[in-house]
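Modelling step: build the complete structure from the supplied sequences, incorporating the hints.
If you read the sequences in order, they're chains A and B. Anchor point for the first sequence: position 78 equals 78 in the UniProt record's numbering, and the numbering is continuous, going up by one each time. Anchor point for the second sequence: position 38 equals 38 in the UniProt record's numbering, and the numbering is continuous, going up by one each time.
Hints should not be assumed to be uniformly reliable.
[To be verified] Below, computed lysine to any residue pairings styled on SDA-like, alpha-carbon distance capped at 25 Å:
hint	chain 1	residue 1	chain 2	residue 2
1	A	LYS35	A	ASP64
2	B	LYS187	A	ARG17
3	B	LYS334	A	VAL186
4	B	LYS297	A	GLY83
5	A	LYS39	B	GLU78
6	B	LYS61	A	SER324
7	B	LYS153	A	GLY146
8	B	LYS153	A	GLU170
9	B	LYS153	A	VAL302
10	A	LYS71	A	GLU101
11	B	LYS28	A	HIS97
12	A	LYS67	B	GLU71
13	B	LYS297	A	GLU72
14	A	LYS71	B	PRO134
15	A	LYS397	A	ASN47
16	A	LYS195	B	ILE3
17	B	LYS61	A	GLY83
18	A	LYS112	A	GLU72
19	B	LYS262	A	SER88
20	B	LYS61	A	TRP69
21	A	LYS221	A	ASP263
22	A	LYS399	B	LYS187
23	B	LYS35	A	GLU101
24	B	LYS113	B	ILE244
25	A	LYS201	B	LYS334
26	A	LYS112	A	LYS397
27	B	LYS388	A	ARG17
[What the hints assert, rightly or not] Beyond 12 Å from chain A on every Cβ pair, some chain B residues (computed):
hint	residue
28	GLY170
29	ASP259
30	THR308
31	ILE349
For the record, the hints were derived by calculation from the structure and aren't laboratory data. Cβ atoms here follow ideal geometry from the backbone N, Cα and C, with glycine treated the same way.
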Amino acid sequence: MGSLIKSGGVSGAILSRIATNDQHGENSEYFDGWKAYDKDPFHLSRNPHGIIQMGLAENQLCLDLIKDWIKENPKASVCTPEGVYQFSDIANFQDYHGLNEFRQAIANFMGKARGGRVTFDPERIVMSGGATGANETIMFCLADPGDVFLVPSPYYAAFDRDLRWRTGVEIVPVHCSSSNNFKLTVEAVEWAYKKAVQSNKNVKGLLFTNPSNPLGTILDKDTLKNLVRFVTRNNIHLVVDEIYAATVFAGENFASVAEVVKDLDSSEVNVDLIHIVYSLSKDMGLPGFRVGIVYSYNDSVVSCARKMSSFGLVSSQTQFMLASMLSDDSFVDNFLMESSKRLGIRHGVFTLGLKKADINCLISTAGLFVWMDLRHLLRVRNSFESEIELWHIIIDKVKLNVSPGSSFQCTEPGWFRVCFANMDDDTLHVALRRIQDFVSKNSNKTAEKASDNDQLIQSNNAKKQKWKQSNLRLSFRRLYEDGLSSPGIMSPHSPLLRT
Amino acid sequence: MGILSRKATCNTHGQDSSYFLGWEEYEKNPYDEVKNPDGIIQMGLAENQLSFDLIESWLAKNPEAANFEREGQSIFRELALFQDYHGLPSFKNAMADFMSENRGNRVSFDPKKLVLTAGATSANETLMFCLADPGDAFLLPTPYYPGFDRDLKWRTGVEIVPIQCTSANGFRITKSALEEAYKQAQKLNLKVKGVLITNPSNPLGTTTTRTELNRLLDFVSRKNIHLISDEIYSGTVFTSTGFISVLEVLKEKKLENTDVSKRVHIVYSLSKDLGLPGFRVGVIYSNDDIVVAAATKMSSFGLISSQTQYLLSALLSDKNFTKNYLKENQIRLKNRHDKLVSGLEAVGIECLKSNAGLFCWVDMRHLLRSNTFEAEIELWKKIVYEVKLNISPGSSCHCNEPGWFRVCFANMSEETLKVALIRLKMFVDGPSSTTRSQSEHQRLKTLTKMKVSNWVLRLSFQDREPEER
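Structural data, given as structure tokens:
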């Protein structure tokens, strides 16, 4: 929980608690890497030694397909000569039901993204300000301040803000571990549920992202079925964030909770408890267009979420364009196929390159990132301090912005989420080369004993400046001591941090 | 159901109010000049449909903005990926300039103090989240926009305590009304966090006077509370002078960079001035860095589509366009306003004297059976179901005097306005009988047909095609 930050002056005392606490979570380390990147961003020709952004789960692989479609379909824009006759009607349209064609097109796309194995009812499609808005809205609909949602960890860092900040809802994590490849089990959920209830918490539901962020794995259909049975038995809600549904590039088919709802008998599933969050930000790579969707099987929730959508409707200009694009079946079919293919290739190239550096990733078949295992590179095994140290080294020395597992509430140190779909091929190869170089330079050195380092740490102040000019050829041991002494990057867990 | 949130099961969203019921009736039976000439005419929707052609002709001359291009280069990729909650810099700069222009450049806006939101709906809710805790209260002068009940209260848990304004002084905000409202809040054990005004006013259509603004600043200064000025209608002022933004008064009183200036916040939107409610463009402007920072983070829940930001940055950076648009828009609004006012006058119905907005605040107290809200609703139902006009009863705007109605004039063609006035005339002149109204309508139709055919005859000599509208 964040602490109340009282700012100086009269104004600080008369703002809301929400405005002055740090429940928005933006002071977390998750954003430190971004800040470093912003100061020194990589560019193939203009800044080839800059930091490569691998902390941003964007899908840039198929934007060309969308760009071409838009060019070939000027009528889809209300601002082109071909489409301007629609301008006034569309510009004037603020009905929170959304354009009918838009809802139809989204329902169509969602069905196709799930291989046509399910269909979606346009009447249940509710708009929101991106999945960010959708997740917050669903919390407002299902829970009161102080209520709890169970969320399997590791989970998307921004859930702390989206689910909790303005809603007052609490997250109780269901910890998953590498011992079974971070797979979510019904037993783990049941255990977390019982424990929460015993501590007098009012658990309103279970929420998870499937395919998973940050793991990139998909939940098998049987477990999903059992989870649906579990929530039904206990009369709590199930919210599945399927924002990565169409980023599946290999392996078994993705089983949407919509399929399970279809397959299960009404005695096993209370559909009033089942809700889906969706968005076009990852599957289509259009985060700028702010297309979030709340899809619920519960009529009251649809009605409530729809009223709340007034606070984050999709621009009618954007609705109109996407309605046209996503009802073009040949475009959609080709897009989904190409996207899956390109993601698969990219994932393959990246994981193969990592293998060359003896780095393994959790086996995954979806997502825009890999869950990288760097536990063997931790100075001290099982230490979050070491994870943060290693992370700062990766940013400052290897010059890659990746996301440390702790920012996803992972309980095991040493895991990192590394994004691969937000750059071109050349940049990916630069990143791989840097990783390979870093690892090969240190392959002969094992982790030094902590005591050796401690002595060196004492005389660190003089070395602060040297660090800034250092390059990748530093020894492993030197890297750690420099990492500890650099100003401004002390981990909050570090015993050396002066309070 | 028992397992949804309290918010989902209460009705603080206010959608059961009459304001929305009229809409529902209209949806069932909407007027159309050709297809449904006996349908209900929508006069309850404060939309500005008068100046689309100006934007459309700009679009025709500026294809780049529509095609995700800038100086011949495609920027589609950049826009598709752009989700920075600080907003597109070129858009914020253009907005800041446009807002200054709207105020005759008497004040200037710093783009760094602007926060972009999904419409004024989101801006107002976000400000509540930033300035008040659940159970706190904001004071609002009555009558006020019915949507505030949802936007300010629903998910935030904030309360609204009315500042009662009456026709006795043209619904102006008085010092005693302010004090009374504050006392009332205290009686209800509510902590007052601020005052929120809409300037120009919805539903009154009047601009807030300098005196009132001074009064408000004194009040919030003394009580150490906030002042929010929702200036969403600032571009609809159709008199040459008249609109004074609270920021101007702050400047005049040399209160810039003081504590009180940090507690003054502006809300704006392009929904009324430019008639673009579908594009969801709202803005918060604040001198308080913490508010700007917090609101910016909150805007994540309702960012403006980058496609729309880009289009509008191009539109609003075109100073020729904005200058011409603001002027022409105002001329058309005044024209339309005057037609409604004189049409109502002709049937003995007065309006509150107004100089802005997309509606008139109409005095129908003399048509009430009794000076009660029941009578007002009775009259309103007659007007909706018999006269077939959807207008908004004053009670839905929390007016404390029965008999006032908000009637919109900018969301229809001139012909439709004429039809509406004819229907009203018939209602006022005599007992409304459906046969009479039907024959009147037939007469009008024939008249119109005749006029058109005469006109066509005249034109045929010049071999030109009659224009639409």
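Each hint, compared with the structure:
Note on LYS35 (chain A) and ASP64 (chain A): the hinted pairing is violated, with a Cα-Cα distance of about 29 Å set against a maximum of 25 Å. A hinted pair counts as satisfied when its Cα atoms are at most 25 Å apart, and LYS187 (chain B) with ARG17 (chain A) qualifies at roughly 24 Å. For the hint linking LYS334 (chain B) to VAL186 (chain A), the alpha-carbon distance of about 66 Å lies beyond 25 Å, and the restraint is violated. A hinted pair counts as satisfied when its Cα atoms are at most 25 Å apart, and LYS297 (chain B) with GLY83 (chain A) does not qualify at roughly 35 Å.
With a CA separation close to 19 Å, the supplied pair LYS39 (chain A) and GLU78 (chain B) stays within the 25 Å bound. A distance of roughly 24 Å separates the Cα atoms of LYS61 (chain B) and SER324 (chain A); the hinted pair therefore holds under the 25 Å criterion. Restraint check: the Cα-Cα separation between LYS153 (chain B) and GLY146 (chain A) comes to about 19 Å, which is no more than 25 Å; the hinted pair holds. At roughly 22 Å between alpha-carbon atoms, LYS153 (chain B) and GLU170 (chain A) fall within 25 Å of each other, so this suggested pair holds.
Annotation: proposed proximity of LYS153 (chain B) to VAL302 (chain A) holds, straight-line Cα distance about 20 Å (limit 25 Å). For the hint pairing LYS71 (chain A) with GLU101 (chain A), the CA-to-CA distance comes to about 20 Å; that is within 25 Å, so the pair holds. Our distance criterion of 25 Å between C-alpha atoms is met by LYS28 (chain B) and HIS97 (chain A), whose separation comes to about 16 Å. For the hint pairing LYS67 (chain A) with GLU71 (chain B), the CA-to-CA distance comes to about 17 Å; that is within 25 Å, so the pair holds.
In summary, the hint linking LYS297 (chain B) to GLU72 (chain A) is not supported, as the alpha carbons are separated by about 37 Å, beyond the 25 Å threshold. The straight-line distance between the Cα atoms of LYS71 (chain A) and PRO134 (chain B) is roughly 49 Å, outside the 25 Å bound, and the hint therefore fails. The hinted pair formed by LYS397 (chain A) and ASN47 (chain A) meets the criterion: a straight-line CA distance of about 15 Å does not exceed 25 Å. Pair hint LYS195 (chain A) plus ILE3 (chain B) holds up; C-alpha atoms about 20 Å apart against a cutoff of 25 Å.
For the hint pairing LYS61 (chain B) with GLY83 (chain A), the CA-to-CA distance comes to about 14 Å; that is within 25 Å, so the pair holds. A hinted pair counts as satisfied when its Cα atoms are at most 25 Å apart, and LYS112 (chain A) with GLU72 (chain A) qualifies at roughly 22 Å. Restraint check for LYS262 (chain B) and SER88 (chain A): the C-alpha separation of about 38 Å exceeds 25 Å, so the hint is violated. Straight-line distance between C-alpha atoms of LYS61 (chain B) and TRP69 (chain A) comes to about 23 Å, which keeps the hinted pair within the 25 Å bound.
Taking the CA atoms of LYS221 (chain A) and ASP263 (chain A), the gap is about 11 Å. The hint holds against a cut of 25 Å. Among the hinted pairs, LYS399 (chain A) with LYS187 (chain B) is inconsistent with the structure: their alpha-carbon atoms are about 61 Å apart, more than 25 Å. This hinted pair checks out: LYS35 (chain B) and GLU101 (chain A) have alpha carbons roughly 23 Å apart, not beyond 25 Å. Using a Cα cut-off of 25 Å, the hinted pair LYS113 (chain B) and ILE244 (chain B) holds, with the two alpha carbons roughly 20 Å apart.
Restraint check for LYS201 (chain A) and LYS334 (chain B): not satisfied, since their Cα atoms lie roughly 60 Å apart, outside the 25 Å limit. As the CA atoms of LYS112 (chain A) and LYS397 (chain A) are separated by approximately 43 Å, the hinted pair breaks the 25 Å bound. Simply put, LYS388 (chain B) and ARG17 (chain A) have alpha-carbon atoms about 48 Å apart, too far for the 25 Å limit, and the pair is violated. No beta-carbon of chain A is positioned within 12 Å of the beta-carbon of GLY170 (chain B); the least distance is around 31 Å.
With a minimum CB-CB distance of about 5 Å to chain A, ASP259 (chain B) fails to clear the 12 Å threshold, and the non-interface call is violated. Residue-level check failed: THR308 (chain B) sits 4 Å from the nearest beta carbon of chain A, not beyond 12 Å. At the 12 Å boundary, the C-beta of ILE349 (chain B) stays outside the reach of chain A, the nearest C-beta of that chain being 28 Å off.
Hint check: violations occur at hints 1, 3, 4, 13, 14, 19, 22, 25, 26, 27, 29 and 30; the rest are consistent with the structure.
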